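Residue numbers (this note's numbering), protein chains in the order written: chain A, 112 to 230; chain B, -2 to 142.
If you are wondering where the hints come from, they were derived from the structure by calculation, not from laboratory data.
Everything numeric in this text was worked out from a predicted model, so none of it was measured.
For every residue, glycine included, the Cβ atom is placed at its ideal position computed from N, Cα and C.
Each hint should be verified, as a subset may be incorrect.
Unchecked claim - Quick partial rundown of chain A residues pointing at chain B, CB under 8 Å, derived from the structure:
(1) S116
(2) V118
(3) Q121
(4) A136
(5) H137
(6) D163
(7) S168
(8) S169
(9) L172
(10) G173
(11) N197
(12) F199
(13) D203
(14) L205
Said to hold, decoys possible - Pulled from the structure, derived: some chain B residues nowhere near chain A, Cβ distances all over 12 Å:
(15) Q14
(16) T15
(17) L18
(18) G33
(19) D36
(20) K41
(21) E61
(22) R71
(23) T73
(24) A75
(25) S84
(26) I88
(27) V122
(28) K123
(29) D127
What the hints assert, rightly or not - Not close to chain B: a few residues of chain A, all C-beta gaps over 10 Å, as computed:
(30) D114
(31) R120
(32) N135
(33) A145
(34) V150
(35) D152
(36) G153
(37) A170
(38) D188
(39) D196
(40) T200
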Amino acid sequence: MADLSIVVRQVGEVAVLLPAGFINAHTVLGFEEALEKLVQDGHYTILLNCKDLSYISSAGLGAIMGLIETVREHDGDILLSNLQDNVFTIFDTLGFTQLYRVFGDENQALAAAAPEQKG
Amino acid sequence: MVSEVDQAQFRLIIPSQTRYLNLVTGLAKRASLVAGLDDATAAKVSIAVDEAVTNVILHAYHGEGEHSVELELRFTEAALEIHIWHSGQGIRGDQLVLPDPKEYIKHPRKGGLGLLLMSRFMDEVKFKSDEASGRNECCLIKKIS
């Protein structure tokens, strides 16, 4: 199994990014490139479905942090769903659960993203 | 081979390359379980070790892959200690200032979170330098309650 594989699909106006594996200093480049490509292509509402993400280090958090202001300046957002316990703990320990909207599953996140897309 | 070695501690030396991070974090997680820590705590220890070794590779050695990073695991009744040695650039005192999470959230930026994670997930994080040998050490301690 690859250290990190990334699938991106479009659901309405939301770009859903599914990282599978782990994100650390070794794998972060692929994750960062996938995020930046979405933003460059004009996708400003991005959902990270983390159901298959076993681990994320500060390198991965930095990649997300680096784009949050850009997407919000374009009335978009980065949402998170399906966090495994240890991944949630990392976000929560750093207080990032106040910065990002976290949802139990993808459908909840998509439903929450829909109103802002219509507006 | 182990007759002269204290059975409660052992060392691993890896090249200063990020490709080995997952090997090290996996080891740290397993070691935590062996030490008697629970799954959630073991995950935290492995993250702290990832951050510490990443700092060595990227900052102490500036991403140069031909150096060595030496790890020692020490199992005591009271704690699991993970000592990480390198011969690269030591961390300066002014680099040890932890970012304030609230300020960080107000002004998002890249970087600066590794030390914060290490300090939050471990009971003690210590940095030492030995000028005579040119070696630097990061010591991570997790108490066993």
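Here is how each hint holds up against the structure:
About 15 Å separates the beta-carbon of S116 (chain A) from the nearest beta-carbon of chain B, more than 8 Å, and the hint is not met. At about 21 Å, the closest approach between the beta carbon of V118 (chain A) and any beta carbon in chain B exceeds 8 Å, and the interface hint on this residue is violated. Hint status for Q121 (chain A) relative to chain B: violated, with the closest Cβ pair at about 25 Å, above 8 Å. For A136 (chain A), the shortest C-beta to C-beta distance to chain B is roughly 4 Å, which falls under 8 Å, so the interface hint holds.
Hint status for H137 (chain A) relative to chain B: holds, with the closest Cβ pair at about 4 Å, below 8 Å. For D163 (chain A), the interface hint is violated, the least distance from its beta-carbon to any beta-carbon of chain B being 16 Å, above 8 Å. Annotation: S168 (chain A) was flagged as interfacial toward chain B, and the flag holds, the nearest CB pair being 5 Å apart, inside 8 Å. A least Cβ separation of about 4 Å between S169 (chain A) and chain B falls short of the 8 Å threshold, and the interface hint therefore holds.
Hint status for L172 (chain A) relative to chain B: holds, with the closest Cβ pair at about 6 Å, below 8 Å. Given hint, G173 (chain A) at the interface with chain B, holds; its Cβ is 4 Å from that chain's nearest Cβ, closer than 8 Å. Nearest Cβ of chain B to the Cβ of N197 (chain A): about 4 Å, under the 8 Å cut. The hint holds. Contact between F199 (chain A) and chain B, as hinted, is not supported at the beta carbon level, the nearest pair being about 11 Å apart and thus beyond 8 Å.
Taking 8 Å as the C-beta cut-off, the interface hint given for D203 (chain A) is violated, the closest approach to chain B being about 10 Å. Contact between L205 (chain A) and chain B, as hinted, is supported at the beta carbon level, the nearest pair being about 5 Å apart and thus within 8 Å. Against the 12 Å criterion, Q14 (chain B) falls within the reach of chain A, whose nearest CB is about 8 Å from its own CB. With a least CB separation of 4 Å from chain A, T15 (chain B) falls inside the 12 Å interface cut-off, contrary to its annotation.
With a closest Cβ-Cβ approach of about 5 Å to chain A, L18 (chain B) is found to fall inside the 12 Å limit, against its non-interface label. The claim that G33 (chain B) is not at the interface with chain A holds, since no C-beta of that chain comes within 12 Å of its own (minimum 18 Å). Non-interface call for D36 (chain B) relative to chain A: violated, since the shortest CB-CB distance, roughly 8 Å, does not exceed 12 Å. Residue placement check: K41 (chain B) does not keep its beta carbon more than 12 Å from all beta carbons of chain A (closest about 7 Å).
Every beta carbon of chain A lies more than 12 Å from that of E61 (chain B), the smallest distance being close to 14 Å; the non-interface claim holds. For R71 (chain B), the non-interface assignment is confirmed: its Cβ lies about 23 Å from the closest Cβ of chain A, beyond the 12 Å cut-off. Consistency note on T73 (chain B): stated as away from chain A, and its beta-carbon is indeed over 12 Å from all of that chain's, at 25 Å minimum. Interface exclusion of A75 (chain B) from chain A stands, the closest Cβ pair being 24 Å apart, more than 12 Å.
Here S84 (chain B) stays apart from chain A, with its beta-carbon at least about 20 Å from theirs, past the 12 Å limit. The Cβ of I88 (chain B) sits about 15 Å from the closest Cβ of chain A, beyond the 12 Å cut-off, so the non-interface label holds. Listed as outside the interface, V122 (chain B) is consistent with that label: its C-beta sits roughly 14 Å from the nearest C-beta of chain A, beyond the 12 Å cut-off. The beta carbon of K123 (chain B) is kept farther than 12 Å from every beta carbon of chain A, the shortest such distance being approximately 19 Å.
Residue placement check: D127 (chain B) keeps its beta carbon more than 12 Å from all beta carbons of chain A (closest about 26 Å). The beta carbon of D114 (chain A) is not kept farther than 10 Å from every beta carbon of chain B, the shortest such distance being approximately 7 Å. For R120 (chain A), the non-interface assignment is confirmed: its Cβ lies about 26 Å from the closest Cβ of chain B, beyond the 10 Å cut-off. Some Cβ of chain B comes within 10 Å of the Cβ of N135 (chain A); the nearest lies about 5 Å off, and the non-interface call is violated.
Distance check for A145 (chain A) against chain B: the nearest CB is about 16 Å away, which clears 10 Å, and the non-interface claim stands. Separation of V150 (chain A) from chain B is adequate, the least Cβ-Cβ distance of about 14 Å exceeding the 10 Å criterion. Non-interface status of D152 (chain A) relative to chain B is upheld: no Cβ of that chain comes within 10 Å, the nearest being about 21 Å off. With a least beta-carbon separation of about 21 Å from chain B, G153 (chain A) lies farther than 10 Å from that chain, consistent with its non-interface assignment.
The claim that A170 (chain A) lies off the interface is violated: its Cβ sits roughly 7 Å from the closest Cβ of chain B, which falls inside the 10 Å cut-off. The Cβ of D188 (chain A) sits about 13 Å from the closest Cβ of chain B, beyond the 10 Å cut-off, so the non-interface label holds. The claim that D196 (chain A) is not at the interface with chain B is violated, since a C-beta of that chain comes within 10 Å of its own (minimum 7 Å). Chain B draws T200 (chain A) into its interface by the beta-carbon criterion, the shortest separation being 7 Å against a cut-off of 10 Å.
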